[in-house]
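Just so we're aligned: the sequence shown equals residues 508 to 1074 in the numbering used here.
Hints were generated in silico from the structure; no laboratory data involved.
Fair warning: this is a prediction, and the values are worked out from it, not measured in the lab.
Backbone N, C-alpha and C define an ideal beta-carbon position, used for all residues, glycine too.
Mimicking DSS-like on lysine-lysine, the simulated pairs with C-alpha atoms at most 30 Å apart in a straight line are:
1. Lys738 <-> Lys812
2. Lys592 <-> Lys820
3. Lys589 <-> Lys562
4. Lys592 <-> Lys567
5. Lys812 <-> Lys728
6. Lys744 <-> Lys567
7. Lys873 <-> Lys834
8. Lys957 <-> Lys567
9. Lys562 <-> Lys812
10. Lys774 <-> Lys728
11. Lys812 <-> Lys744
12. Lys744 <-> Lys792
13. Lys820 <-> Lys957
14. Lys834 <-> Lys874
15. Lys738 <-> Lys792
16. Lys792 <-> Lys873
17. Lys562 <-> Lys820
18. Lys728 <-> Lys738
19. Lys562 <-> Lys957
20. Lys774 <-> Lys744
Across the chosen pairs, the derived CB separations fall in these ranges:
21. Asp889 <-> Ile823: 25 to 33 Å
22. Gly778 <-> Ser554: 39 to 47 Å
23. Ser783 <-> Asp887: 54 to 62 Å
24. Asp649 <-> Asn575: 32 to 40 Å
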Amino acid sequence: MNLFKKKQVGHIIVLLFVTISILCNICYCFAEENDESSIIYSENFESYGDPEAVKSAFQKYWYVEDNNSWGADYGFNLIDNKGSKVLNMSWLGGRLLLGDYISLPESYEIQFQANGGLSTSDSGFIFLRTIRQVHTVTQIYDKAIQGIRDAQPQDSPYIHIFENDGDTSDGFANGVGHAGIFLKLHGNQLVIGVKTTEAVDEVHTKGLGNLRYLATLPDEKNFETDFISIKIIETDKNVSVFADEVLLATVSFSEQRDNIYTKAVIKDALGTEVGSTDTAIIAVKNLIGFSTRGAFMNLDNIVIKSLDGKAIKQNIVPIYDELEAEKVGLIPFQTSEVSAGFRITVNAGDALESIDIRQLSTNGGKKTSLTMSVYKWFYDYDTTIFEDPIYQTVIYDHNDNAPCDITFPTPLDSGHYLVVFDQAGMGEDKDGNVMGFPCLWTSSIPDTEKYGNVVTYVNGIESENGIWAFCVILENGDPDGELWDIDSTPTPDSNVTPTIKPTEPAVTNTPDITVAPTEKVIEPTQEPAVNGNNTGTIVAIVICIVAIVCTVIIIIVIKNKKNKGGK
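Please construct the entire structure, taking both the sequences and the accompanying hints into account.
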């Protein structure tokens, strides 16, 4: 009898351990699935046969300044590195990659391998929390006159993340860019820095500066000969930078003022403060980018993932035929009565994050203006514009033929929308004479099978051309969102005269790439989307813990009964 009980206990214990093993495997699968779902972007370049294939794939995630530079010696190329394909970015055509269509949560991790650059002022650069619009320098320090004067076109006053910033501090001839936290490939070192604003003087000739820390790479590595694995982790406004899994430095930022953080502190790997500033230019909205200046940089195995849980995917909806993506004409806004626009459907569960004009012409004029209004679609065009817009902004003093990004302060819910550009204002030349006016470039009509509800309009009449713009849609950005009937019949009061919303005050900044101000006419009802969760992993871990506890309890109970039976 005792032998039977021992065998019974043994069978129970074996069965329970098998159960625990199965549950642990389930837990692992949950965790693995959650890890995969947290991937925002991943690229190792192995699947591409030529640079044109990379170009096509990149359009979904990255803004490239010169799309004609793919495959050129001076641009973007695929090259071999010990049997693996890597992306080569070469000055001049391959000087810019901006992650325009990569949505980063508050906590994230970026990993990639990098090689190249120079140990001079020029090199390859990586930017976090930079700003999309190009900074316009208004005054410079002229060494010839040993004084400050107004900036002229020959002074290169437009500062992108590859452009000379005029800062000669720390023994550098210059830095690049005007905003963000940056890394610079620097021979056997990695420069970790923060862009700052400074008074214009003989050192900061364009009013920009750099807070820098030069960290030595581990194991005597050198970017000019080795591929180095770089990892960047941001949590709670702290950015940690690793090279080959070795912590090099951290950057902490705080004190938000409008759309930037102004306080930054850099600490070395031991936690010792090595620099701080109260004039940082670190963007609240996180935009990442890669750039080169006077050099090349090779990149491979890029992985960006959310540490907040499941990542939100962005989809691009072009208002033109993406297979024939060429400009074919212009819509001139020579008077305030001219209007143009498009209807777009944001599918149930999704949200509209931004509207991006690929190039907005001003015919060379400065201080032009163009109003953009967004309406909820109601039956037809004429009925819709009788309603109040849910969002409205003025694009003011835009630089000729530069991209124009209008990002909504809160993504718009699922639904049908009409976007209208109108109420244009003429521009002027440098002497104040009337010159220029806004123009939208046109292209081929969008693919009606793929984007069935995209319709374009000119002066309220349906157009046969597309518009050189696209919408950025957040997949599952409005999880509970539903669509209303696009053809619902209106019953308006025929005696009511529609009210016209006044335009917002003109934006006073002068960006090369315009970002719309955060004011809106009517606050959207949706709260900011939450980037996923870790529910699957948590549930699996809880199940595993409960199973283990139950196993222990059962074994104790059986042993107690056995002991009692033996007495």
